[in-house]
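All chains, please: the whole structure from these sequences, using the hints.
Letter 63 of the sequence shown, counting from 1, is numbered 252 in our numbering, and no numbers are missing.
For the record, the hints were derived by calculation from the structure and aren't laboratory data.
It should be emphasised that the depicted structure is a prediction, and the values quoted were computed from it without experimental measurement.
All C-beta atoms in this analysis are idealised placements derived from N, C-alpha and C, irrespective of residue type, glycine included.
Wrong hints could be hidden among the right ones.
[Said to hold, decoys possible] In silico DMTMM-like cross-links for lysine to aspartate or glutamate, where the CA-CA straight-line distance does not exceed 25 Å:
(1) K351 / E331
(2) K344 / E640
(3) K298 / E640
(4) K393 / D383
[Stated by the list, open to error] Estimated spans, in silico, between C-beta atoms of each pair:
(5) F662 / R248: 22 to 28 Å
(6) N217 / T381: 27 to 33 Å
(7) T381 / L361: 22 to 28 Å
(8) L667 / A254: 54 to 60 Å
(9) H638 / E668: 24 to 30 Å
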Amino acid sequence: MTPENLIIAALIVPLIGAVLIALTGRINANLREAVTLTTAGTLAYIVWNIVPTVFEGGRPAVTLAEVMPGVTIGFEVEPIGMLFAALASSLWIINSIYSIGYMRGNNEKHQTRFYVMFAVSLAAAMGIAFSSNLFTLFLFYEALTLATYPLVSHKGDADTVKSARVYLGLLLATSIGLFLPAIIWTYGVAGTGDFVLGGILEGKIAGPAVGLLLVLFVFGVGKAAVMPVHRWLPAAMVAPTPVSALLHAVAVVKAGVFTVTKVIVYIFGVDFLFSEPSSGWLIYAASFTIIAASVVALRQQNLKRLLAYSTVAQLSYVVMAAAILKPLAEIGASIHMVAHAFGKITLFFAAGAIYVAAHKTELFQLKGIGRRMPITMGAFTIGALSMIGVPPTGGFVSKWYILAGAFQDDNYLAIATIILSTALNAAYFLPIVYMAWFMREDVPPEKPHGEAPWPSVLALAITAALTIGFFLFNGPALELERQLFMGTS
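Quick look at the structure:
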C-alpha cells in the first residue's frame with residue numbers, strides 16, 4: 190500500500206474494528222476480545238509502515254473533501270504527528286491486554302460497549318495525529334471528546350455521570366468557546382489553516398493580538414489541562430482504570446499537548462512567536478500549572494487522584510518546553526509525550542491492578558503491598574522514578590532536553606520550575622514506594638491476595654520495560670524530531 194492509502198487505512202481500521210467488536214460481543218466474549226487485539230495490532234502495523242517514509246523526509250498527504258473554499262478535510266504525516274500516532278497505536282495493544290484482565294477481574298458491566306468506544310476513540314486520535322489543517326484537527330478533536338464520554342461515564346451511577354458531565358461540559362465549552370474562535374480568526378487573517386513548518390501568521394498579525402490568539406488556542410485546547418481548565422481531568426477519575434490509561438497516556442491528554450505543540454510550530458512558527466513579547470505569558474502559565482498541580486498532588490490521599498494531578502503537572506512540562514521556543518526544548522516537548530505515556534500508563538495499570546486484586550484505593554492502604562504484589566509494585570516504582578526523572582527511565586531523557594533548552598535560552602524560570610517540581614514529584618511518589626516495600630500492613634487482609642489477573646500483570650510489566658527501554662533506545666524518536674526542530678533557530 191502507498192503511504193497515502195495507509196493514512197486512510199489508519200482512520201478506517203479502528204472503525205471497522207468497532208463494528209466487528211459490537212457484532213462479536215453478542216456471540217462470545219473471547220471472540221470479541223480477539224477482534225479487539227487483532228484490530229489494535231493491525232492499526233499499529235499500518236501506522237508503523239508509514240514511519241520509514243517520514244523518517245526519510247517524506248510527508249505523505251491526502252485530501253478527502255473541500256468543505257468550502259480554502260477549508261478542507263485533509264491529512265498529512267509529519268514528525269510530531271508520526272510520533273503521536275505510533276505511540277497511541279502501539280499502546281492500544283497493551284491497553285487492550287490490560288483491559289481483558291481488568292474488566293473480567295472486576296466483573297465490569299457493558300464490556301462490549303467499552304471495547305467499541307475505545308476503538309472509536311483511537312480512530313479519532315489517528316485523525317488528530319494526521320490532520321493537515323486546523324479544521325480537520327478540530328473535527329477529530331471533538332470526535333475524541335464525544336467518543337470518550339461513554340467511557341468516562343461507564344459505571345453509570347449518579348456520581349459517575351455527574352463527573353462525566355463535568356468532563357464533557359468543560360472540554361466542549363473550551364473547544365467551542367475558545368478553540369473554534371481561534372481557528373476562525375486564523376483563517377480570517379492568514380487565509381488558510383494549513384500546518385506549515387515555520388508558521389502561517391508572520392506578517393498577518395502582530396503585537397498584543399498574537400498573545401490573545403495564543404490564549405484562545407492554549408486554553409481552548411482543554412485537553413492540555415493548563416490551569417484553570419484542568420478540572421475535567423480529576424473529574425474523569427471515576428472511569429475504569431483502562432479508561433484512565435486512555436485519558437492520561439494513550440490518546441486524550443496527548444492529543445491536547447500535541448495540538449498545542451503543533452499550533453506553536455506550524456501555525457505561529459517558533460521564530461515568529463519568539464519575536465513577539467505578547468507570547469511570553471505562556472511560560473508563566475505552564476510553570477504555575479506545574480508547581481500548583483504538584484502541590485495539590487502532594488495533598489492527595491486517593492491514589493488515582495494523585496496520579497491525575499501528577500498528569501496535570503506533567504502535561505505542562507510539554508507546554509513549557511514548547512513555550513521556551515528553542516530547538517532542544519521543542520525536542521524535549523515531543524520526547525516527553527512518549528516518556529510520560531510509558532511512565533504514566535504503568536502507574537495507572539498498577540493502580541488498577543491493586544484495586545482488582547486487593548480493592549485498595551487510598552495511600553495509607555498500601556503499606557507492605559509490595560510483598561504481596563511484587564511485580565505490580567516493581568512496575569509502579571519504575572513509573573514513579575520516570576515521573577521524577579531518575580535514570581535509567583525515559584523521564585530522565587525528556588527532562589534532560591527540556592533543561593538543555595532552558596539553559597540554551599537562559600530561561601531561569603523554566604530551570605527553577607523543573608528543579609522544584611522534580612523535588613515535589615519525589616515528595617509524593619517516594620513515600621508510596623517506601624510504604625509499599627518497607628512498611629508492614631496495619632491489618633493483614635482476611636483473604637490473602639496476590640497479583641491481579643495475568644493479562645493485567647503482563648501489560649504493566651511491558652510498559653515498565655518500555656519505560657526503561659526508552660532511556661536506552663530513544664535514538665530513532667530523537668532523530669525523527671531533530672529532523673524537524675534542529676533546523677530552527
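Each hint tested on the structure:
Simply put, K351 and E331 have alpha-carbon atoms about 20 Å apart, close enough for the 25 Å limit, and the pair holds. Between the alpha carbons of K344 and E640 the distance comes to roughly 24 Å, so the proposed pair stays at or under 25 Å and holds. Restraint check: the Cα-Cα separation between K298 and E640 comes to about 22 Å, which is no more than 25 Å; the hinted pair holds. Among the hinted pairs, K393 with D383 is consistent with the structure: their alpha-carbon atoms are about 15 Å apart, no more than 25 Å.
About 25 Å separates the C-beta atoms of F662 and R248, a value consistent with the hinted range of 22 to 28 Å. With their beta carbons about 50 Å apart, N217 and T381 fall outside the hinted range of 27 to 33 Å. Against the hinted window of 22 to 28 Å, the Cβ-Cβ separation of T381 and L361 comes to about 26 Å, which satisfies the hint. About 36 Å separates the C-beta atoms of L667 and A254, a value inconsistent with the hinted range of 54 to 60 Å.
Remark: the range hint 24 to 30 Å for H638 to E668 is contradicted by a beta-carbon distance near 45 Å.
Going down the numbered hints, you'll see the structure goes against 6, 8, 9, while the others check out.
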